[in-house]
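Now that you have both chains on their own, put them together as the hints suggest.
For the record, the sequence lines run as chains A and B.
For the first sequence, the numbering used here gives the first residue as 1, with consecutive numbering after it.
For the second sequence, the numbering used here gives the first residue as 1, with consecutive numbering after it.
Read the hints as simulated data drawn from the structure, not as lab findings.
One or more hints might be untrue.
Unchecked claim - These stretches of chain A come out as covered by chain B in the derived footprint (C-beta under 8 Å, 3 or more residues):
#1 1-15
#2 42-52
#3 94-100
#4 124-135
#5 183-194
Said to hold, decoys possible - Heads up, simulated EDC-like pairs for lysine to aspartate or glutamate below, C-alpha to C-alpha not over 20 Å straight-line:
#6 Lys67(B) <-> Asp41(B)
#7 Lys202(A) <-> Asp243(B)
#8 Lys104(B) <-> Asp41(B)
#9 Lys131(B) <-> Asp151(A)
#10 Lys246(B) <-> Glu158(B)
#11 Lys65(A) <-> Asp76(B)
#12 Lys131(B) <-> Glu143(A)
#13 Lys65(A) <-> Asp41(B)
#14 Lys104(B) <-> Asp182(B)
#15 Lys65(A) <-> Glu158(B)
#16 Lys131(B) <-> Asp43(A)
#17 Lys65(A) <-> Asp190(B)
#18 Lys202(A) <-> Glu133(B)
#19 Lys131(B) <-> Glu100(A)
#20 Lys131(B) <-> Asp35(A)
#21 Lys202(A) <-> Asp190(B)
#22 Lys43(B) <-> Glu158(B)
#23 Lys202(A) <-> Asp179(B)
#24 Lys36(B) <-> Asp35(A)
#25 Lys19(A) <-> Asp35(A)
Claimed, not checked - Pulled from the structure, derived: some chain B residues nowhere near chain A, Cβ distances all over 12 Å:
#26 Glu25
#27 Lys36
#28 Arg48
#29 Lys51
#30 Tyr118
#31 Asp190
#32 Leu244
#33 Gly260
#34 Ile276
Bear in mind the structure is a predicted one, so any value in this text is a computation, not a measurement.
Ideal Cβ placement from N, Cα and C applies to all residues, glycine included.
Below, each chain spelled out in residue letters.
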Amino acid sequence: MAHYDFNMPVAEAQVRQLKVNDTVTLNGTLFGIRDATQIHMFDRGRKTRFDMNGHAVIHTAPNAKWVGETKSAPSGYEPICIGTTTSARMERFTRPLMSEYGVRIIIGKGGLSEGSAAAFSDIGGVYLAIVGGAAALETTWIEQIEEVDLDDLNPESLWKFRVKGFGPLLVSMDAHGGSLYTEVNQAARGRRAAALASLGVKT
Amino acid sequence: MVGSGRRSIEHEDEQVKVDLKQIEEACKELYIRALKVLPPDIKQGFARLDKTETDATGRAILGTMIKNIMVAEATDNLLCQDTGIPIYNVTIGAGVELDGYQLKQAIIKGCERATREYPLRSSVVHPVTRKNEHTSCGRSVPVIHIDFVPDADTLTIEMIPKGSGSENNSFLKMAVPADGIDAIKTFVVDCVLDAGGKTCPPTIVGVGVGGTADLCVHLSKVAATRPLGSKCDDPEGAKLEIDLSKAVNQLGVGPQGLGGDSTSFAVHIETAATHITMNPVAVNMQCHSARRARATFTPQGLTYGF
Ligand code: SF4
Numbered sequence: 001m002a003h004y005d006f007n008m009p010v011a012e013a014q015v016r017q018l019k020v021n022d023t024v025t026l027n028g029t030l031f032g033i034r035d036a037t038q039i040h041m042f043d044r045g046r047k048t049r050f051d052m053n054g055h056a057v058i059h060t061a062p063n064a065k066w067v068g069e070t071k072s073a074p075s076g077y078e079p080i081c082i083g084t085t086t087s088a089r090m091e092r093f094t095r096p097l098m099s100e101y102g103v104r105i106i107i108g109k110g111g112l113s114e115g116s117a118a119a120f121s122d123i124g125g126v127y128l129a130i131v132g133g134a135a136a137l138e139t140t141w142i143e144q145i146e147e148v149d150l151d152d153l154n155p156e157s158l159w160k161f162r163v164k165g166f167g168p169l170l171v172s173m174d175a176h177g178g179s180l181y182t183e184v185n186q187a188a189r190g191r192r193a194a195a196l197a198s199l200g201v202k203t
Numbered sequence: 001m002v003g004s005g006r007r008s009i010e011h012e013d014e015q016v017k018v019d020l021k022q023i024e025e026a027c028k029e030l031y032i033r034a035l036k037v038l039p040p041d042i043k044q045g046f047a048r049l050d051k052t053e054t055d056a057t058g059r060a061i062l063g064t065m066i067k068n069i070m071v072a073e074a075t076d077n078l079l080c081q082d083t084g085i086p087i088y089n090v091t092i093g094a095g096v097e098l099d100g101y102q103l104k105q106a107i108i109k110g111c112e113r114a115t116r117e118y119p120l121r122s123s124v125v126h127p128v129t130r131k132n133e134h135t136s137c138g139r140s141v142p143v144i145h146i147d148f149v150p151d152a153d154t155l156t157i158e159m160i161p162k163g164s165g166s167e168n169n170s171f172l173k174m175a176v177p178a179d180g181i182d183a184i185k186t187f188v189v190d191c192v193l194d195a196g197g198k199t200c201p202p203t204i205v206g207v208g209v210g211g212t213a214d215l216c217v218h219l220s221k222v223a224a225t226r227p228l229g230s231k232c233d234d235p236e237g238a239k240l241e242i243d244l245s246k247a248v249n250q251l252g253v254g255p256q257g258l259g260g261d262s263t264s265f266a267v268h269i270e271t272a273a274t275h276i277t278m279n280p281v282a283v284n285m286q287c288h289s290a291r292r293a294r295a296t297f298t299p300q301g302l303t304y305g306f
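Next up, chain B with everything else stripped away, as it sits in the complex (with noise of 0.2 Å):
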């Protein structure tokens, strides 16, 4: 984590106050961060896979992955050409106090000045008109998630450009109690084979089980873009996640759908209470591209890290 210097939380009586520009040049920083340094857990996937693959076009396209992470930070250049859908997760301490709407127009501006003055490719349309507004924001775009925990003098961001080749492969089934679990590994198994090389393998396969129909959905992309070595605070998906990921990588579909032993470096699932009738389960995936970068403003001072 590398220090910014300037205090960007001022302590007044109780409360702490935060700099709305600091957050909008941090929310700036954060998407560029992000495209071009892997966090250390990601690369450390990459590490083991590479000693366990035993396919010859396996071992190949994973030696060019790891290779691109080595010319992207020497070349201080992007690691994967698509800047995804911006997605900022930000959580607020007890004792931070903010005006919520600033806060969300000062993520909104640092995305754009991101996408503008790097320049990064604008990867976001209108869904009906396709219009490119080449600022990455558009309708209820960058995405933002807004949660609050009790550490009482931390505000923390955390950005996610969201890739299409392993968004377009997310899934949503309703099985009903009756199907039980069985209903829940075999669907996770069948969109691995389904999405096979289109997710850019190996990939982390997220799994959201319970909840509505939308948190079922949600709880798969957090668990999708969870740091790798995390685990399910929920025993039981705990469990799955140890099966589930033996499971999937011993299918072979293999690096870029090539054929390997790399398939996934993990299954990760996140559960939620549901409703008695019910039985959701969806699927979301990240690809090896996992890219993810955090801010954490304190009354020290910025940090950045993953």
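In isolation and in its complexed conformation, chain A is listed as follows (with noise of 0.2 Å):
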């Protein structure tokens, strides 16, 4: 179990070098992706102007607070509470946003499933977990949004957010194969005739 300060971006060696139960902090650069972002992104060929090679998207959509374009708010939008969402629903964009874009780390919570487990050791990628629901103490690791694309799409839009001490995150699926969801659901899936029998169910 190892910690990593990186600064965005990543090269693929970085991210291929951790192991589940390892712990990553990341400044500089992060993406703020969603289900509709990525709809538009993949299913109807819509295209982002942001360069996202060896970067790292976070499953969220903000809670953002339209002030007009300043100094201290570039994409005229201040943060107001941000978090993660369920990644489980938007599987199916790890590879393409990997291959196409070259994402090199996800963010989210609930965890990914073989596809993307697959898309990771293929490619070169990870998993990160974040407290899904603690959003207000998230929100005081992010400097600001400097930019926004696609953003007919908001709140799902394609953030760019600069953060600083973004974690620590828990790497819980790594380029290797491993994947603590997998390694919790066996074992809980395990326990389920012990905890059926408790209940006096006949099985």
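Written out as structure tokens, the structure reads:
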């Protein structure tokens, strides 16, 4: 269990060295992405002007306030409350995010499945767990909303955040096929029979 | 509870009249309050789990959640980014006189104003076009439930922002009588396993038992949003609550589904009579951000609480 501080973007070797149960803190650029963003990018042929090569994306749709473009709010948006959402809904977008845009890190809650695990080992990527429902705290790690693209999808726009000390986040899926979710899920299913027996259920 | 001073309900003959403008204001205020401060029973629930959790990852995650509750209060910010689907539960006392249609309009207006004026992220879209009106409102949303109670002078409005992570894990099974109570118990355990980390555990697992299909699902939501420490008032339901709470916490799903003892704060049950040929069971979960806020209108004024 090691801890890493990453200044974004990162190289393939940096994510390949990560193992399940390591922790990572991010600094610099982080992109915010959600269901509608990816439906439009991968099903409806839209493109973003952002360079996401070697970067991290967080599954999110923030509470942001339009204040007009200023020096401290160059995108026109000030962050109010920014956290994460359930990643599983966006499972099928992991591979194209990595192969078409060069994304290396996906951040979210609840984990992803086999398809994403395979993409992580084929291309070199990881999933970092952030605590869902802890957005008040996580907002304090965000310095600024630097830019926004595909903003007709607001709040599911493509957000470019500048972050400082974003973490520690837990490596819960790595590039070597490791997944804490699979481990925990298999262990929990292994306890199903005992739980049902304790309820007097005949199986 | 904090009083707001101004009288909100006027006595006129035997009837009690409510000021609709103040209801609108309260419905705005309730949405914002609910998103910022967790009820004391939920905070106590966290303190209890924090003492008993034995898994290192589980302990760290609970610690982050507890810290988040403090940061939200200290920075006057929302607990979670998900502003949820807004639900307003209204109870009307026997002596309260109001125009039901106007009441619904006031609730919708308050919900819309909270979203625009704070501003909150509107999490509500049309189900087919996916268009977001940026008001947290749409067809039949906010969800409004109205019930009647015997306390003559009182009107209460409970506001619940229901997060999608937990709501997406809602399940109904129309079991048959031959499946018996075992079907109910097995279904609850399997729903907790299937939901895994997606519901942001530790959860409150709400279970509806009996009724029609729609009533059964409704009861599961009532159960999931009941205060921790409350008991099902049907003794058969209360017994099931104790047994199922123990059983689901043996599974080891843990906080955020990353392993640990704290899978659920509790399992809550609500029951209703059902048909001789039916045995329905529904599960609806509430996440650890188990948010709710309440406004109580009496002739003495308006108070806010949980
Ligand atoms: S499930 Fe609850 S705590 Fe988790 S992100 Fe959704 S609303 Fe927030």
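Please name the hints from earlier in the document that this structure breaks, with their numbers sorted from lowest to highest. Checked against the structure, the hints that fail are numbers 1, 2, 3, 8, 10, 12, 13, 14, 15, 17, 18, 19, 24, 25, 27, 30, 31, 32, 33, while the rest are satisfied.
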